[in-house]
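Asks: Assemble the whole structure, with the sequences as input and the hints as a guide.
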Amino acid sequence: MVRTRAAISPTGYPHIGTIYQALFDYAFARRHNGKFIVRIEDTDKERTVADAEEKVFKALDWFGLIEDESVRKEGPYKPYRQSNRLDIYKKYADELINNKKAYYCFCSKERLDQLRQELQKEGKVPMYDKHCLKLNKDEIKQKLEKKESYIVRLNVPQNLQIKIKDELRGEIIFESNSVDDQVLMKSDGYPTYFLAVVVDDHLMEISHMVRGEEWLTSSAKIVLLYEYFNWEKPIFVHTPIIRNPDRSKFSKRQGHTSVTWYQEQGFFPEVVLNYLSLMGWSHPDGKEIFPLDEFIKLFDFKDIKPIGPVFDLMKLEWMNGMYIRQSQKSKIKDKILEFYLNKNINLDKDLVEKTIPLIQDRIKKLSDYLPLCEFFFKAPTTYEISVDGKNDFFVKVKTELEKVSDWKAVTIGESLVNLAKKLEIKNSQFFADMRMVITGKKISPPLNESMEILGKEECLKRIGKIK
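If you're matching positions, the sequence shown starts at 1 in the numbering used here and goes up one per residue.
The hints are simulated quantities; they were obtained by calculation from the structure and are not laboratory data. Keep in mind that this is a model prediction, so the values were computed, not measured. Careful: at least some of the hints might be erroneous.
Claimed, not checked - Calculated cross-link-like contacts (lysine to aspartate or glutamate; reagent style EDC-like; alpha-carbon spacing at most 20 Å):
| hint | residue 1 | residue 2 |
| --- | --- | --- |
| 1 | Lys165 | Asp303 |
| 2 | Lys396 | Glu424 |
| 3 | Lys467 | Glu400 |
| 4 | Lys398 | Asp312 |
| 5 | Lys124 | Asp138 |
| 6 | Lys421 | Asp392 |
| 7 | Lys333 | Asp348 |
| 8 | Lys365 | Glu424 |
Replies: Okay, here's the thing in C-alpha coordinates:
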(Lines of atoms letter the chains of each structure in order from A; the text may use other names.)
(Lines give C-alpha, C1' and ligand atoms only; values in the text may rest on other atoms or scores of the structure.)
Protein backbone atom coordinates (compact mmCIF):
# COMPACT_ATOMS: atom_id res chain seq x y z
CA MET A 1 0.00 0.00 0.00
CA VAL A 2 1.12 3.55 -0.73
CA ARG A 3 1.78 5.37 2.53
CA THR A 4 3.17 8.89 2.42
CA ARG A 5 3.83 11.26 5.27
CA ALA A 6 4.26 14.94 5.94
CA ALA A 7 6.95 15.37 8.58
CA ILE A 8 6.09 18.51 10.52
CA SER A 9 8.60 20.28 12.76
CA PRO A 10 6.68 22.62 15.12
CA THR A 11 9.38 25.28 15.12
CA GLY A 12 7.48 28.31 13.82
CA TYR A 13 4.68 29.50 11.58
CA PRO A 14 3.32 27.16 8.88
CA HIS A 15 5.57 27.64 5.83
CA ILE A 16 4.15 27.52 2.32
CA GLY A 17 6.98 25.10 1.51
CA THR A 18 5.48 22.67 4.03
CA ILE A 19 2.18 22.82 2.15
CA TYR A 20 4.04 22.33 -1.14
CA GLN A 21 5.55 19.07 0.15
CA ALA A 22 2.33 17.95 1.82
CA LEU A 23 0.36 18.53 -1.39
CA PHE A 24 2.48 16.05 -3.35
CA ASP A 25 2.32 13.50 -0.51
CA TYR A 26 -1.43 13.92 -0.20
CA ALA A 27 -2.16 13.76 -3.95
CA PHE A 28 -0.03 10.66 -4.53
CA ALA A 29 -1.62 8.82 -1.60
CA ARG A 30 -5.13 9.74 -2.72
CA ARG A 31 -4.49 8.71 -6.33
CA HIS A 32 -3.35 5.26 -5.22
CA ASN A 33 -6.01 4.80 -2.50
CA GLY A 34 -3.25 4.93 0.06
CA LYS A 35 -2.78 6.69 3.37
CA PHE A 36 -1.48 10.19 4.08
CA ILE A 37 0.15 10.53 7.50
CA VAL A 38 1.16 13.64 9.41
CA ARG A 39 3.97 13.06 11.88
CA ILE A 40 5.14 15.63 14.42
CA GLU A 41 8.94 15.73 14.50
CA ASP A 42 9.57 17.67 17.71
CA THR A 43 12.97 16.34 18.74
CA ASP A 44 14.58 19.79 18.56
CA LYS A 45 13.42 20.98 21.96
CA GLU A 46 15.17 24.34 21.80
CA ARG A 47 13.41 25.37 18.58
CA THR A 48 9.96 23.95 19.34
CA VAL A 49 7.27 26.66 19.53
CA ALA A 50 4.28 26.03 21.80
CA ASP A 51 1.40 26.69 19.40
CA ALA A 52 3.16 25.81 16.14
CA GLU A 53 1.66 22.32 15.94
CA GLU A 54 -1.89 23.64 16.23
CA LYS A 55 -1.20 26.25 13.54
CA VAL A 56 0.16 23.63 11.15
CA PHE A 57 -2.97 21.50 11.46
CA LYS A 58 -5.16 24.58 10.96
CA ALA A 59 -3.17 25.36 7.81
CA LEU A 60 -3.58 21.83 6.47
CA ASP A 61 -7.30 22.01 7.23
CA TRP A 62 -7.59 25.35 5.42
CA PHE A 63 -6.08 23.78 2.32
CA GLY A 64 -8.22 20.65 2.66
CA LEU A 65 -5.19 18.37 3.00
CA ILE A 66 -6.78 16.14 5.62
CA GLU A 67 -4.61 13.33 6.93
CA ASP A 68 -5.58 9.71 7.62
CA GLU A 69 -3.32 9.26 10.64
CA SER A 70 -1.75 11.77 13.02
CA VAL A 71 -1.62 12.85 16.66
CA ARG A 72 -5.27 13.88 16.30
CA LYS A 73 -6.29 10.81 14.27
CA GLU A 74 -4.30 8.03 15.84
CA GLY A 75 -3.99 4.83 13.86
CA PRO A 76 -2.20 1.51 14.26
CA TYR A 77 1.28 3.07 14.24
CA LYS A 78 0.89 5.48 17.16
CA PRO A 79 2.29 7.53 18.72
CA TYR A 80 2.72 10.02 15.89
CA ARG A 81 4.74 12.53 17.91
CA GLN A 82 8.46 11.80 18.08
CA SER A 83 8.90 13.07 21.64
CA ASN A 84 6.55 10.24 22.68
CA ARG A 85 8.72 7.62 20.96
CA LEU A 86 12.03 8.07 22.81
CA ASP A 87 12.11 4.49 24.13
CA ILE A 88 11.70 3.21 20.58
CA TYR A 89 14.68 5.21 19.32
CA LYS A 90 16.86 4.10 22.23
CA LYS A 91 16.07 0.48 21.46
CA TYR A 92 17.24 0.83 17.87
CA ALA A 93 20.26 2.94 18.81
CA ASP A 94 21.31 0.17 21.22
CA GLU A 95 20.87 -2.37 18.43
CA LEU A 96 23.21 -0.39 16.20
CA ILE A 97 25.78 -0.11 19.00
CA ASN A 98 25.65 -3.84 19.71
CA ASN A 99 26.20 -4.54 16.01
CA LYS A 100 29.09 -2.03 15.86
CA LYS A 101 27.16 0.12 13.39
CA ALA A 102 27.12 2.98 15.88
CA TYR A 103 29.20 3.91 18.91
CA TYR A 104 29.26 6.01 22.06
CA CYS A 105 31.06 9.33 21.81
CA PHE A 106 32.18 10.99 25.05
CA CYS A 107 34.09 13.89 23.49
CA SER A 108 33.62 17.25 25.17
CA LYS A 109 32.32 20.28 23.34
CA GLU A 110 35.75 21.85 23.71
CA ARG A 111 37.47 18.95 21.96
CA LEU A 112 34.95 18.96 19.13
CA ASP A 113 35.32 22.73 18.70
CA GLN A 114 39.10 22.41 18.59
CA LEU A 115 38.91 19.58 16.05
CA ARG A 116 36.61 21.62 13.83
CA GLN A 117 38.88 24.67 13.98
CA GLU A 118 41.97 22.62 13.12
CA LEU A 119 40.30 21.03 10.10
CA GLN A 120 39.05 24.41 8.90
CA LYS A 121 42.57 25.86 9.16
CA GLU A 122 43.79 22.99 6.98
CA GLY A 123 41.07 23.77 4.45
CA LYS A 124 39.28 20.50 5.15
CA VAL A 125 35.58 19.84 5.69
CA PRO A 126 34.93 19.50 9.45
CA MET A 127 34.32 15.81 10.26
CA TYR A 128 34.56 13.75 13.40
CA ASP A 129 37.83 11.79 13.66
CA LYS A 130 36.34 8.57 15.13
CA HIS A 131 38.29 9.18 18.33
CA CYS A 132 35.78 7.39 20.57
CA LEU A 133 35.46 4.43 18.20
CA LYS A 134 38.86 3.36 19.54
CA LEU A 135 37.56 2.95 23.10
CA ASN A 136 37.43 -0.66 24.31
CA LYS A 137 34.52 -2.26 26.16
CA ASP A 138 36.01 -1.69 29.61
CA GLU A 139 36.65 2.00 28.93
CA ILE A 140 33.12 2.46 27.67
CA LYS A 141 31.65 0.58 30.63
CA GLN A 142 33.66 2.69 33.06
CA LYS A 143 32.51 5.94 31.48
CA LEU A 144 28.89 4.82 31.47
CA GLU A 145 29.09 3.81 35.13
CA LYS A 146 30.47 7.27 35.92
CA LYS A 147 27.47 8.67 34.03
CA GLU A 148 29.68 10.67 31.72
CA SER A 149 27.71 12.58 29.13
CA TYR A 150 27.67 10.93 25.72
CA ILE A 151 26.10 10.95 22.31
CA VAL A 152 25.69 8.08 19.85
CA ARG A 153 27.32 8.36 16.42
CA LEU A 154 26.80 6.48 13.18
CA ASN A 155 29.82 4.35 12.28
CA VAL A 156 30.36 5.22 8.63
CA PRO A 157 32.64 2.71 6.86
CA GLN A 158 35.71 3.83 4.95
CA ASN A 159 36.35 3.48 1.22
CA LEU A 160 32.81 2.51 0.30
CA GLN A 161 30.42 3.73 -2.35
CA ILE A 162 26.94 4.44 -0.99
CA LYS A 163 24.25 4.39 -3.66
CA ILE A 164 20.79 5.89 -3.58
CA LYS A 165 18.16 5.73 -6.27
CA ASP A 166 16.10 8.90 -6.43
CA GLU A 167 12.81 8.86 -8.31
CA LEU A 168 13.61 12.14 -10.06
CA ARG A 169 17.37 11.92 -10.56
CA GLY A 170 18.16 8.25 -10.92
CA GLU A 171 21.15 6.68 -9.16
CA ILE A 172 23.39 8.93 -7.08
CA ILE A 173 26.68 7.71 -5.62
CA PHE A 174 28.34 9.06 -2.47
CA GLU A 175 31.88 8.27 -1.32
CA SER A 176 31.73 7.17 2.31
CA ASN A 177 35.00 8.95 3.14
CA SER A 178 33.15 12.25 2.66
CA VAL A 179 30.30 11.25 4.99
CA ASP A 180 30.61 12.29 8.63
CA ASP A 181 29.85 10.00 11.57
CA GLN A 182 26.46 11.57 12.13
CA VAL A 183 25.12 12.04 15.65
CA LEU A 184 22.14 9.68 16.05
CA MET A 185 21.28 10.22 19.72
CA LYS A 186 21.91 13.44 21.62
CA SER A 187 23.08 13.67 25.21
CA ASP A 188 19.55 14.46 26.40
CA GLY A 189 18.25 11.12 25.11
CA TYR A 190 16.55 12.62 22.09
CA PRO A 191 17.29 11.28 18.62
CA THR A 192 18.51 13.41 15.77
CA TYR A 193 16.52 13.62 12.56
CA PHE A 194 18.42 10.78 10.87
CA LEU A 195 17.73 7.98 13.32
CA ALA A 196 14.19 9.11 14.10
CA VAL A 197 13.07 9.44 10.48
CA VAL A 198 14.45 6.05 9.44
CA VAL A 199 12.97 4.23 12.43
CA ASP A 200 9.61 5.97 12.11
CA ASP A 201 9.32 5.56 8.34
CA HIS A 202 10.09 1.86 8.65
CA LEU A 203 7.77 1.15 11.58
CA MET A 204 4.97 3.23 10.02
CA GLU A 205 5.48 1.40 6.70
CA ILE A 206 6.05 4.59 4.72
CA SER A 207 6.39 3.62 1.06
CA HIS A 208 7.72 6.93 -0.28
CA MET A 209 10.18 9.17 1.57
CA VAL A 210 9.49 12.58 0.04
CA ARG A 211 11.82 15.42 1.04
CA GLY A 212 13.20 18.63 -0.37
CA GLU A 213 16.32 18.38 -2.50
CA GLU A 214 18.31 20.18 0.21
CA TRP A 215 18.32 16.82 2.03
CA LEU A 216 19.80 14.96 -0.91
CA THR A 217 23.41 15.43 0.21
CA SER A 218 22.63 13.73 3.53
CA SER A 219 20.90 10.76 1.92
CA ALA A 220 23.97 8.54 2.30
CA LYS A 221 23.39 8.46 6.06
CA ILE A 222 19.75 7.49 5.55
CA VAL A 223 20.70 4.69 3.14
CA LEU A 224 23.37 3.39 5.53
CA LEU A 225 20.87 3.18 8.36
CA TYR A 226 18.42 1.19 6.26
CA GLU A 227 21.22 -1.18 5.28
CA TYR A 228 22.51 -1.48 8.85
CA PHE A 229 19.02 -2.43 10.06
CA ASN A 230 18.55 -4.71 7.03
CA TRP A 231 15.28 -2.97 6.26
CA GLU A 232 13.68 -2.49 2.85
CA LYS A 233 14.25 1.05 1.66
CA PRO A 234 11.32 3.28 0.69
CA ILE A 235 11.18 4.99 -2.68
CA PHE A 236 13.20 8.20 -2.36
CA VAL A 237 11.82 11.40 -3.88
CA HIS A 238 13.70 14.68 -3.48
CA THR A 239 11.50 17.49 -4.74
CA PRO A 240 13.04 20.68 -6.14
CA ILE A 241 13.40 23.74 -3.93
CA ILE A 242 11.01 26.59 -4.68
CA ARG A 243 12.91 29.72 -5.71
CA ASN A 244 12.19 33.42 -6.04
CA PRO A 245 12.17 35.04 -9.49
CA ASP A 246 15.83 36.02 -8.94
CA ARG A 247 16.59 32.30 -8.35
CA SER A 248 17.34 32.86 -4.65
CA LYS A 249 15.96 30.37 -2.16
CA PHE A 250 12.33 30.85 -1.12
CA SER A 251 13.02 31.43 2.57
CA LYS A 252 11.33 32.74 5.70
CA ARG A 253 12.98 36.12 5.16
CA GLN A 254 10.32 36.77 2.53
CA GLY A 255 7.03 37.77 4.11
CA HIS A 256 4.96 35.69 1.72
CA THR A 257 6.34 32.33 2.87
CA SER A 258 3.84 32.09 5.73
CA VAL A 259 0.47 30.42 5.18
CA THR A 260 -1.01 33.11 7.42
CA TRP A 261 0.07 35.78 4.92
CA TYR A 262 -2.00 34.16 2.17
CA GLN A 263 -5.00 33.97 4.46
CA GLU A 264 -4.64 37.61 5.49
CA GLN A 265 -4.31 38.71 1.86
CA GLY A 266 -7.46 36.90 0.83
CA PHE A 267 -6.13 34.20 -1.45
CA PHE A 268 -8.34 31.18 -2.01
CA PRO A 269 -6.72 28.00 -0.66
CA GLU A 270 -7.72 26.01 -3.74
CA VAL A 271 -5.93 28.56 -5.94
CA VAL A 272 -2.75 28.45 -3.87
CA LEU A 273 -2.79 24.64 -4.10
CA ASN A 274 -3.39 24.88 -7.85
CA TYR A 275 -0.36 27.16 -8.18
CA LEU A 276 1.83 25.01 -5.93
CA SER A 277 0.94 21.95 -8.00
CA LEU A 278 2.62 23.68 -10.95
CA MET A 279 5.88 24.05 -9.02
CA GLY A 280 7.85 21.37 -10.86
CA TRP A 281 4.85 19.59 -12.39
CA SER A 282 2.90 20.41 -15.56
CA HIS A 283 -0.61 19.49 -16.61
CA PRO A 284 -0.41 17.12 -19.62
CA ASP A 285 -2.88 19.33 -21.52
CA GLY A 286 -0.98 22.50 -20.69
CA LYS A 287 -3.77 23.79 -18.43
CA GLU A 288 -2.88 26.23 -15.68
CA ILE A 289 -6.15 26.36 -13.79
CA PHE A 290 -7.69 23.11 -12.58
CA PRO A 291 -9.21 21.68 -9.37
CA LEU A 292 -7.41 19.52 -6.82
CA ASP A 293 -9.37 16.41 -7.85
CA GLU A 294 -8.04 16.72 -11.39
CA PHE A 295 -4.48 17.09 -10.11
CA ILE A 296 -4.87 13.97 -7.96
CA LYS A 297 -6.03 11.89 -10.95
CA LEU A 298 -2.98 12.93 -12.99
CA PHE A 299 -0.15 13.33 -10.51
CA ASP A 300 2.89 11.07 -10.36
CA PHE A 301 6.22 11.80 -8.66
CA LYS A 302 8.03 10.73 -11.82
CA ASP A 303 6.55 13.70 -13.67
CA ILE A 304 8.18 16.29 -11.40
CA LYS A 305 11.01 18.18 -13.07
CA PRO A 306 14.04 18.41 -10.76
CA ILE A 307 14.91 21.97 -11.82
CA GLY A 308 13.96 24.47 -9.12
CA PRO A 309 10.59 26.08 -9.96
CA VAL A 310 10.16 29.84 -9.65
CA PHE A 311 7.48 31.17 -7.31
CA ASP A 312 6.00 34.20 -9.05
CA LEU A 313 3.65 36.02 -6.71
CA MET A 314 2.23 38.10 -9.57
CA LYS A 315 1.28 34.91 -11.40
CA LEU A 316 -0.47 33.60 -8.29
CA GLU A 317 -2.36 36.88 -7.94
CA TRP A 318 -3.43 36.60 -11.58
CA MET A 319 -4.69 33.05 -10.98
CA ASN A 320 -6.57 34.15 -7.88
CA GLY A 321 -8.15 36.99 -9.85
CA MET A 322 -9.20 34.57 -12.59
CA TYR A 323 -10.77 32.33 -9.96
CA ILE A 324 -12.74 35.27 -8.57
CA ARG A 325 -13.95 36.20 -12.07
CA GLN A 326 -15.11 32.65 -12.77
CA SER A 327 -16.88 32.15 -9.42
CA GLN A 328 -20.55 32.68 -8.68
CA LYS A 329 -21.29 36.18 -7.44
CA SER A 330 -22.96 34.76 -4.34
CA LYS A 331 -19.78 32.87 -3.44
CA ILE A 332 -17.60 35.96 -3.79
CA LYS A 333 -20.05 37.95 -1.68
CA ASP A 334 -19.98 35.33 1.08
CA LYS A 335 -16.19 35.09 0.96
CA ILE A 336 -15.78 38.87 1.21
CA LEU A 337 -18.15 39.03 4.19
CA GLU A 338 -16.35 36.15 5.91
CA PHE A 339 -12.91 37.56 5.15
CA TYR A 340 -13.63 40.94 6.71
CA LEU A 341 -15.60 39.50 9.60
CA ASN A 342 -12.43 37.61 10.54
CA LYS A 343 -10.80 41.04 10.73
CA ASN A 344 -13.64 42.28 12.97
CA ILE A 345 -15.13 44.35 10.14
CA ASN A 346 -18.85 43.70 9.77
CA LEU A 347 -19.88 44.85 6.30
CA ASP A 348 -23.45 45.45 5.17
CA LYS A 349 -24.48 42.23 3.41
CA ASP A 350 -26.90 43.85 0.95
CA LEU A 351 -24.46 46.58 0.03
CA VAL A 352 -21.66 44.09 -0.61
CA GLU A 353 -24.00 42.09 -2.84
CA LYS A 354 -24.79 45.17 -4.93
CA THR A 355 -21.11 45.98 -5.44
CA ILE A 356 -20.00 42.53 -6.62
CA PRO A 357 -20.90 43.07 -10.32
CA LEU A 358 -18.76 46.23 -10.29
CA ILE A 359 -15.62 44.75 -8.76
CA GLN A 360 -15.57 41.04 -9.61
CA ASP A 361 -13.35 41.65 -12.64
CA ARG A 362 -11.20 44.19 -10.81
CA ILE A 363 -9.91 42.50 -7.66
CA LYS A 364 -7.26 39.81 -7.44
CA LYS A 365 -7.53 39.12 -3.72
CA LEU A 366 -10.28 39.52 -1.15
CA SER A 367 -8.14 42.13 0.60
CA ASP A 368 -8.45 44.30 -2.53
CA TYR A 369 -12.16 44.77 -1.92
CA LEU A 370 -12.32 47.35 0.86
CA PRO A 371 -9.56 49.66 -0.46
CA LEU A 372 -11.53 49.78 -3.71
CA CYS A 373 -15.01 49.95 -2.19
CA GLU A 374 -14.65 51.70 1.14
CA PHE A 375 -16.49 54.76 -0.21
CA PHE A 376 -19.68 52.68 -0.43
CA PHE A 377 -19.68 52.26 3.34
CA LYS A 378 -18.56 55.74 4.39
CA ALA A 379 -18.11 59.07 2.66
CA PRO A 380 -14.52 60.05 1.87
CA THR A 381 -12.91 62.48 4.29
CA THR A 382 -9.78 62.93 2.20
CA TYR A 383 -9.28 63.15 -1.54
CA GLU A 384 -6.38 61.84 -3.57
CA ILE A 385 -6.64 65.01 -5.67
CA SER A 386 -7.84 68.23 -4.05
CA VAL A 387 -11.33 69.43 -4.91
CA ASP A 388 -10.87 72.76 -3.13
CA GLY A 389 -12.00 75.83 -5.02
CA LYS A 390 -14.47 73.94 -7.17
CA ASN A 391 -17.58 74.91 -5.25
CA ASP A 392 -19.21 76.67 -8.22
CA PHE A 393 -18.74 73.61 -10.40
CA PHE A 394 -20.25 71.22 -7.86
CA VAL A 395 -23.18 73.56 -7.20
CA LYS A 396 -24.07 73.23 -10.89
CA VAL A 397 -23.62 69.45 -10.74
CA LYS A 398 -25.84 69.21 -7.67
CA THR A 399 -28.53 71.32 -9.31
CA GLU A 400 -28.45 69.13 -12.42
CA LEU A 401 -28.60 65.85 -10.50
CA GLU A 402 -31.48 67.03 -8.34
CA LYS A 403 -33.56 66.99 -11.54
CA VAL A 404 -32.91 63.26 -12.12
CA SER A 405 -36.05 61.40 -11.03
CA ASP A 406 -35.11 57.91 -12.23
CA TRP A 407 -31.88 57.34 -10.27
CA LYS A 408 -30.28 54.71 -12.50
CA ALA A 409 -26.74 54.48 -13.86
CA VAL A 410 -27.88 55.23 -17.42
CA THR A 411 -29.86 58.35 -16.57
CA ILE A 412 -27.16 59.56 -14.17
CA GLY A 413 -24.58 59.17 -16.91
CA GLU A 414 -26.70 60.95 -19.51
CA SER A 415 -27.31 63.86 -17.15
CA LEU A 416 -23.60 64.24 -16.38
CA VAL A 417 -22.54 64.01 -20.03
CA ASN A 418 -25.07 66.68 -20.99
CA LEU A 419 -23.85 68.94 -18.21
CA ALA A 420 -20.22 68.50 -19.29
CA LYS A 421 -21.18 69.60 -22.81
CA LYS A 422 -23.15 72.52 -21.47
CA LEU A 423 -20.21 73.68 -19.33
CA GLU A 424 -17.77 72.95 -22.17
CA ILE A 425 -15.61 70.74 -19.96
CA LYS A 426 -13.86 67.70 -21.36
CA ASN A 427 -15.42 64.42 -20.20
CA SER A 428 -12.08 63.23 -18.83
CA GLN A 429 -11.74 66.22 -16.49
CA PHE A 430 -15.44 66.37 -15.66
CA PHE A 431 -15.69 62.74 -14.62
CA ALA A 432 -12.34 62.83 -12.81
CA ASP A 433 -13.74 65.56 -10.55
CA MET A 434 -16.99 63.65 -10.13
CA ARG A 435 -15.16 60.44 -9.27
CA MET A 436 -13.08 62.31 -6.72
CA VAL A 437 -16.03 63.89 -4.91
CA ILE A 438 -18.00 60.63 -4.79
CA THR A 439 -15.21 58.12 -4.06
CA GLY A 440 -12.21 60.18 -2.95
CA LYS A 441 -10.03 58.21 -5.38
CA LYS A 442 -8.58 58.53 -8.87
CA ILE A 443 -9.46 54.91 -9.60
CA SER A 444 -12.71 53.31 -8.54
CA PRO A 445 -15.48 51.00 -9.75
CA PRO A 446 -17.64 52.45 -12.57
CA LEU A 447 -18.85 55.86 -11.41
CA ASN A 448 -22.44 55.90 -12.66
CA GLU A 449 -23.18 52.42 -11.29
CA SER A 450 -21.53 53.38 -8.00
CA MET A 451 -23.73 56.46 -7.74
CA GLU A 452 -26.81 54.34 -8.38
CA ILE A 453 -25.86 52.04 -5.51
CA LEU A 454 -25.09 54.93 -3.16
CA GLY A 455 -28.45 56.52 -3.89
CA LYS A 456 -29.45 60.04 -4.84
CA GLU A 457 -29.57 61.46 -1.33
CA GLU A 458 -26.06 60.28 -0.41
CA CYS A 459 -24.54 61.48 -3.69
CA LEU A 460 -26.08 64.94 -3.38
CA LYS A 461 -24.88 65.10 0.22
CA ARG A 462 -21.29 64.35 -0.82
CA ILE A 463 -21.38 66.86 -3.65
CA GLY A 464 -22.98 69.52 -1.48
CA LYS A 465 -20.30 69.51 1.20
CA ILE A 466 -17.58 70.78 -1.14
CA LYS A 467 -16.72 74.39 -0.34
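Asks: Look at each hint and say if it fits the structure.
Replies: Structure-based check of each hint:
1. Lys165 - Asp303: The given pair, whose Cα atoms are some 16 Å apart, holds under the 20 Å limit.
2. Lys396 - Glu424: holds (13 Å)
3. Lys467 - Glu400: Holds, because 18 Å separates the two Cα atoms, which is no more than 20 Å.
4. Lys398 - Asp312: violated (47 Å)
5. Lys124 - Asp138: violated (33 Å)
6. Lys421 - Asp392: Holds, because 16 Å separates the two Cα atoms, which is no more than 20 Å.
7. Lys333 - Asp348: holds (11 Å)
8. Lys365 - Glu424: violated (40 Å)
Hint compliance for this structure: hints 4, 5 and 8 are broken, all remaining hints hold.
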